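Chain order of the listed sequences is A and B.
Going by this note's numbering, 9 is the number at position 9 of the first sequence; the sequence numbering is gapless.
Going by this note's numbering, 1219 is the number at position 219 of the second sequence; the sequence numbering is gapless.
Source of the hints: derived by calculation from the structure; they are not laboratory data.
Just so you know, not all the hints are guaranteed correct.
[Said to hold, decoys possible] Okay, the calculated beta carbon distance ranges per label pair: (1) A:204 x B:1073: 24 to 34 Å; (2) A:270 x B:1182: 26 to 36 Å; (3) A:77 x B:1410: 24 to 34 Å; (4) B:1410 x A:204: 45 to 55 Å; (5) B:1169 x A:22: 35 to 45 Å; (6) B:1303 x A:5: 35 to 45 Å; (7) A:181 x B:1022: 31 to 41 Å; (8) A:297 x B:1410: 31 to 41 Å; (9) B:1084 x A:181: 36 to 46 Å; (10) A:101 x B:1254: 27 to 37 Å.
[To be verified] DSS-like cross-link-like pairs, simulated, lysine-lysine; straight-line CA separation at most 30 Å: (11) B:1352 x A:352; (12) B:1333 x A:12; (13) B:1278 x B:1084; (14) B:1352 x A:163; (15) B:1035 x A:94.
All values reported here derive from a predicted model rather than from experimental measurement.
In this text, a Cβ means the ideal position worked out from N, Cα and C, and glycines have one as well.
Number of protein chains: 2
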Amino acid sequence: MTTLIELGKNAKQAAAILGAAGSAAKNKALAAIAKGLRADCAYIIEQNKKDLENAKMNGMSESMLDRLALNEQRIDSIAAAVEKIISLDDPVGKVSDGTLLPNGLQLTRVSVPLGVIAVIFEARPNVTADAAALCLKSGNAVILRGGKEAIFSNTAIVTSMRKSVESANLPADCIQLVEDTARETATQLMRMNDYVDVLLPRGGAGLIRSVVENASVPVIQTGVGNCHIYVDASADVQMATDIVFNAKCSRVSVCNACESLLVHRDAVQTVLPAIAEKLAEKNVEIYGDETVCSVIVNAKPATQEDWGTEYLDYKISVKTVDSTDEAIAHIAKYSTGHSEAIITNSLADAEKFTRLVDSAAVYVNASTRFTDGGEFGFGAEIGISTQKLHARGPVGLPELTSYKFVIRGNGQVR
Amino acid sequence: MTTLIELGKNAKQAAAILGAAGSAAKNKALAAIAKGLRADCAYIIEQNKKDLENAKMNGMSESMLDRLALNEQRIDSIAAAVEKIISLDDPVGKVSDGTLLPNGLQLTRVSVPLGVIAVIFEARPNVTADAAALCLKSGNAVILRGGKEAIFSNTAIVTSMRKSVESANLPADCIQLVEDTARETATQLMRMNDYVDVLLPRGGAGLIRSVVENASVPVIQTGVGNCHIYVDASADVQMATDIVFNAKCSRVSVCNACESLLVHRDAVQTVLPAIAEKLAEKNVEIYGDETVCSVIVNAKPATQEDWGTEYLDYKISVKTVDSTDEAIAHIAKYSTGHSEAIITNSLADAEKFTRLVDSAAVYVNASTRFTDGGEFGFGAEIGISTQKLHARGPVGLPELTSYKFVIRGNGQVR
């Protein structure tokens, strides 16, 4: 097994070559990867079966087993996702600024790859190909560290991709997998400042917390979403109902799902019952404050903890507020800075909400579920950043680059 | 003494108000700060004397004492620097992207302040006012943590600034000083993820290393510069001499000074002697490899350590290389990613160097000393970033912002 330091050195070397490669070379490698994944389909499914067997023995839940499982159709969509990245703009080499300085120096700011990106992720094996393809297109070498539940699947996918990259005359080490799934190895990866330029954790709150606590390399924090919808007094009942139902129920396990509902006191009697009735169709459990519990018969009393909880389930916390200001203050206290929405007909409240709520995506009269690179028109995303440094919201190809200044002179001194 | 957690809470509250303030309000506060610093000049000088007396007792060097000392003229230039920031563009509220999505959602990307910025810095008290003014203009609350050597000066400056901010109807807590200069307090500040959005260390390699090792909050790493100049075979002798002399000697204590010289083997006999002769005017000590030592009589043999050393002194390491590729490889190994230059008449080598050297600023035929926010036309800077995440090179006002997505709809669901 290759040591982590060796992986790091290999990645640095590969990154130098990949960083200088043009779009044509990178797209050729992506096409080869897609073709290779389809060709290696039987082998990948065979290896995936081993993961599934182990998972069953370890008592993995049906829904998790389903996320882990690969079949011909799923591998085909993984390959198709890689092919889609071919058509996206190359984010490298873009001149984003340029000036002729008074002393005659020509200053240009040019986008460059970040270098080596480490991605630590949990079970789903489709992340493996997706993250690798996005990193490759943006000129970055990637070190992937998936969960032990998917180690056979990930190894098969990475083996296939490396072979394809090499066949397209780029270094196989552009894509590497950490085969050692011990926790200490992940921690070591988080502190490899000499080899890792950026670390992207993709997973639940526990993983993100561990990375923030332990990493010494720069991190893009992603994915934890305690998303709020605030139903203002002037909200349209039907619109509020549709949006809350969509944001809560269309997919409960994702980070842009609504977890907490704030309702203006004047809308508690008028709008909330309609929302609760609609949520009841999916048996959503409501955890409400006293006022909410007095109006919605099935609601359970919310504890302090509920306001800060990302359920990722058919559950929602509901709180009464007296004003948009109170809603904003509550969000400032409990939000993870992902996505929040206001449902209102008041221009003043809409403007106040969008100006003062400090989250990656702030919506007026729309579902929080739209926070997504694809929906935003970015073509693809590697995650949703909930931090303010570097990238906020969907992290697409441009966010996987840095820049450098190139200054051309003819002997200038200072 | 206010606890660090209290400072953090105060900063968060102040940041919410400051973040929503317009340019007029912020500029009014900056004008008040400048006026206040001039008015409080006598008191600040009196407090600075206490720092100077302590420093003398503790045997501080003359050059460090000079950096610490304040007088009327220096306070006037600190105030003038604050006034200069008034005229700069407000980086907040800029719409950098916008689309009407196919489903009718109006997506806009708007720049917003980072929130709370912590700045840990060493001796010079002028940093105090400078950092505070840049943070204020960009809508960020700042928590300043200076060295204990300047605690009386910093306290006097911050007291003056807070009074002025308040007189301009913004919260005094936009600017706070950590009065406890214990090392543990700095470490605690580095881990206050609930209150600090970004940490900016300004100081030597030791401080930066400690921050990278210990911080759990997002960091913009600044200021360590092991800057290289590569003199190619085709370099003009006079130009090479002037640039190396300027980059090494115009100010030895700064991060954009040249620390290491790479000379093409074909230029060792022709260009290097002229450079060495010029450097001898300032008694620059040369640490060279075998070839260099055989040509330059006063050169001392370089050790492995020299190639990685930021001297910040009248010292330079000099190495012979056989090609531009070797120069690039050496830089990749030893550079801190700050600034590197090639002196050449070859277009192909200039292009290769700018494309393949992975540093914040890459020069052709100019001095590395130009890596500076003022020289780049940014108006001001709070430091030079040597990392790739978020900001690279001079960190000006735009780099002190993040962005958020505002999405306006009329009932869209996904």
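Consistency of the hints with the structure:
no.	hint	in the structure
1	A:204 x B:1073: 24 to 34 Å	58 Å, violated
2	A:270 x B:1182: 26 to 36 Å	57 Å, violated
3	A:77 x B:1410: 24 to 34 Å	32 Å, holds
4	B:1410 x A:204: 45 to 55 Å	34 Å, violated
5	B:1169 x A:22: 35 to 45 Å	55 Å, violated
6	B:1303 x A:5: 35 to 45 Å	24 Å, violated
7	A:181 x B:1022: 31 to 41 Å	52 Å, violated
8	A:297 x B:1410: 31 to 41 Å	32 Å, holds
9	B:1084 x A:181: 36 to 46 Å	54 Å, violated
10	A:101 x B:1254: 27 to 37 Å	19 Å, violated
11	B:1352 x A:352	51 Å, violated
12	B:1333 x A:12	11 Å, holds
13	B:1278 x B:1084	37 Å, violated
14	B:1352 x A:163	29 Å, holds
15	B:1035 x A:94	43 Å, violated
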